[in-house]
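For reference, the chains in residue letters:
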Amino acid sequence: MSDIQEKVFKGGSFITEDVLPEDIITPEDLTDEHEMIAKTTEDFVEGEVLPKMDQLENQQFDYAVDLLKQAGELGLLGVDVPEEYGGLGLDKISSALIAEKFALAGGFSVSYGGHVGIGSLPIVFFGNQQQKQKYLPPLATGEKLAAYALTEPGSGSDALGAKTSAKLNEAGTHYILNGEKQWITNSAFADVFIVYAQIDGDKFTAFIVERDFPGVSTGPEEKKMGLKSSSTRTLILEDTEVPVENVLGEVGRGHIIAFNILNVGRYKLAIGGVGASKRGIELSASYANERKQFNTPIANFSLIQEKLATMATHTYANESAVYRTVGLFEQRMGKLTQEQLNDGSEVAKAIAEYQIECSITKVFGSELMDYVVDEAVQIHGGYGFMQEYEVERMYRDSRVQRIFEGTNEINRLLIPGSLMKKAMKGELPLLQKAQNLQEELMMLMPEEVGTKTLEQEKYLLKNAKKIGLLAAGLAAQKYGEKLKQEQELLANIADIVSEIYNIESAILRTEKAIAKTGEAKNQQKILYTEVYVEEAFNRIEADAKETIIASESGDTLRITLSAMRKLTRHDPTNVIAKKREIAKTILQEEKYTV
Amino acid sequence: MNIYVLMKRTFDMEEQIVIENGEIRDDGEYIINPYDEYAIEEAVQLRDEHGGEVTVVLVGDEEGEKQLRTALAMGADQAFLINNEDVVDYDQFSTSNILAAFFEDREFDLIIGGNVSIDHSTGQVGPRLAELLDIAHVSTITSIEVSDDEVKLERDSEGDVEKVEASLPLLVTAQQGLNEPRYPSLPNIMKAKKKPLEVLDLDDLDLDEEDVEGKTEIIDQTLPPKKQAGRMLEGEVQDQVSELVRLVKDKAKVI
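Chains A and B are the protein sequences, given in the same order.
The letter at position 256 of the first sequence is residue 237 when you use the numbering used here, and the numbering goes up by one with no holes.
For the numbering used here, count along the second sequence from 1 and bump the result up by 229.
Because the hints were derived from the structure by calculation, they are not lab data.
Keep in mind that the hints are not guaranteed to be accurate.
Straight-line alpha carbon distances no greater than 30 Å define the calculated DSSO-like cross-link-like pairs of lysine-lysine that follow [said to hold, decoys possible]:
no.: 1; chain 1: A; residue 1: 433; chain 2: A; residue 2: 559
no.: 2; chain 1: A; residue 1: 20; chain 2: B; residue 2: 420
no.: 3; chain 1: B; residue 1: 295; chain 2: A; residue 2: 497
no.: 4; chain 1: A; residue 1: 273; chain 2: B; residue 2: 455
no.: 5; chain 1: A; residue 1: 316; chain 2: B; residue 2: 424
no.: 6; chain 1: A; residue 1: 50; chain 2: B; residue 2: 295
no.: 7; chain 1: A; residue 1: 572; chain 2: B; residue 2: 295
no.: 8; chain 1: A; residue 1: -12; chain 2: B; residue 2: 422
no.: 9; chain 1: A; residue 1: 565; chain 2: B; residue 2: 456
no.: 10; chain 1: A; residue 1: 497; chain 2: B; residue 2: 422
Take the sequences, apply the hints, and build the full model.
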């Protein structure tokens, strides 16, 4: 339903390729239908969910179930389910917009995501026809609700180390499952659980387990720091008989499902971060205008303005990166036939191609959200510490985002790891580029940078890609296979790569908007981009320097650092002045605005 | 039953309204006039009960297509956008005369509009149109029941309920409380894309711009004055009351 771009990019290729503004999807490319879908979701969340927030936070789960069913009536649960299985089969941009709008509802948005995302998608992607026919129609309407059970007390990040066991019974009709799954979202009321267990101790396999199967029970509600609106319990399986036809995907291939679902969980979480950040900015800006100290609204203090501007600038970069990523899925899925789209596993493959981008947005989206809610509390001062203010809940709700769907540490390690794999497989010309760079650096002459809008930012982006290659190349050269043990360096490389993706997404989005409606109408976007690129570039420089220092010594180190200085030299942007301008608009509109 | 709904595209009152040089700054945030949403909802419910068709009509610029699509997603069957961009001086006289020309050779049983628009809030278009079409109208309704040609209505008369009986054809305007407008569901949003939406201009209605030039002129627009900090009265209740009465009489001079 969106204008699908012709070009299809490989995952991670942004590091080695130049991307044009028209190649990416931005929030400015939404169709009228997209906007209507977003509006329905927003109206539903504000009109139906938020008024019940007290009961939801009080864990009266009948309210959550009721609201999920209402969401089902509006079609909000069937977006990712193909039409032939009772869903709507809409594009991923639609489901992204819905996820963003649901984020306002804090813990309830996790109930929603637990159902439509990790709960239902394993069947959408990997179910066989019978399983899809049986389970998807009631899941798409909300008649039945779903949950996802992967984590165990002893296996979190190391998901494949699960202990839950499955054994085929003598008649060969059922698998007998035994074990405990921990921290299962929606467990109080879910009818269907996607459960992972080891068949015969070593064949990691996914199962569809119904609540009514014998031997299924749940433990008491966990007492959590945040996301209290969502139900979190242990799922207990005691000699649970699961019919053999409920094996999801292939025996021993559960990791494929787990891996694909994690990718979806990751980018969706980043989208939630965008929604929550926008809310944090809105609440903070209106509070800053209202709250007076020393006889003046605190909005007049430039330190408050600086906070709001930074919050909005980061949100812009995050939003640009997330919607670009969703656009990548769409572009790839646009090449699939209807049959492949219905198959589901092809859709999962299209998403998995961008696992690097999924990890980047997850790490960045969750850290951004944490930053924004933290500053939102700060702007609210002592009132932000009080439960009657929404930012207090947002602060608590945010913290776990850096932990679930793969901790940010795990995701950081995955980024360079996946890039290396792609390079080794010949999918990305990373090694070639790194070699060319060494020669190039020897002869590098200072470049004349134009002064037109975004010219400097594009120049810095070009150099950031080189700096990334330089640092990663040196680290790889020095440590070879042992680089895996140098986790600090890997994290630095991950951060450089992520910032490259973010600044490129912001620049391309702004350029695309300017091409469409001109500079005058996109002043705020230009400011965000200028500030973000300047600050991110400085972070890239620091990370690269640290990496190089840990990888080289003596003369080589000195030469390398001086080569890098050629790449980092630029006319710095006065971010303080620009942030004040950004804040002016935010305070006037009392919300995040582009 | 053949039902028409009159719609207007208005700016979103939840957004910050900024006035620059006597004009409201266009920030691009527009919605269906909320009172028109009651009208759409009621039309859809009546259609579902009695059969027939719901047609939504909007006079405005081409941007109004978005609001019409939303009305189609709420359940209306077809839509007309009457482009008024050529009319320089535009007011309620213009809208009602354009609509009168639109309805001239159309068959209708019931026309529902919002009771006022939240931007100019004149509440004139509905009653003016009824007058031009020479049919009865009932404004600010909070309930409507139709059986055959007979219509039983309740209207909000400045806080009191007035019960009115009328017969079709009829024009009514919707007041808050008439119903709870639905959220357009996703399946209906997708269906709305395929429903007919026709754009008409004044030529199509055999109108010249001069026929519908407005009769009023906006001289200036200002935001309401900023709310002043309140004053807390202190002391015994008896004294506070006396002080309040004195302030209301002598200072605010409202009684």
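To see whether the hints hold, each was checked on the structure:
{"no.": "1", "hint": "433(A) - 559(A)", "in the structure": "holds (17 Å)"}
{"no.": "2", "hint": "20(A) - 420(B)", "in the structure": "holds (16 Å)"}
{"no.": "3", "hint": "295(B) - 497(A)", "in the structure": "holds (20 Å)"}
{"no.": "4", "hint": "273(A) - 455(B)", "in the structure": "holds (16 Å)"}
{"no.": "5", "hint": "316(A) - 424(B)", "in the structure": "holds (28 Å)"}
{"no.": "6", "hint": "50(A) - 295(B)", "in the structure": "holds (28 Å)"}
{"no.": "7", "hint": "572(A) - 295(B)", "in the structure": "holds (23 Å)"}
{"no.": "8", "hint": "-12(A) - 422(B)", "in the structure": "holds (27 Å)"}
{"no.": "9", "hint": "565(A) - 456(B)", "in the structure": "holds (22 Å)"}
{"no.": "10", "hint": "497(A) - 422(B)", "in the structure": "holds (24 Å)"}
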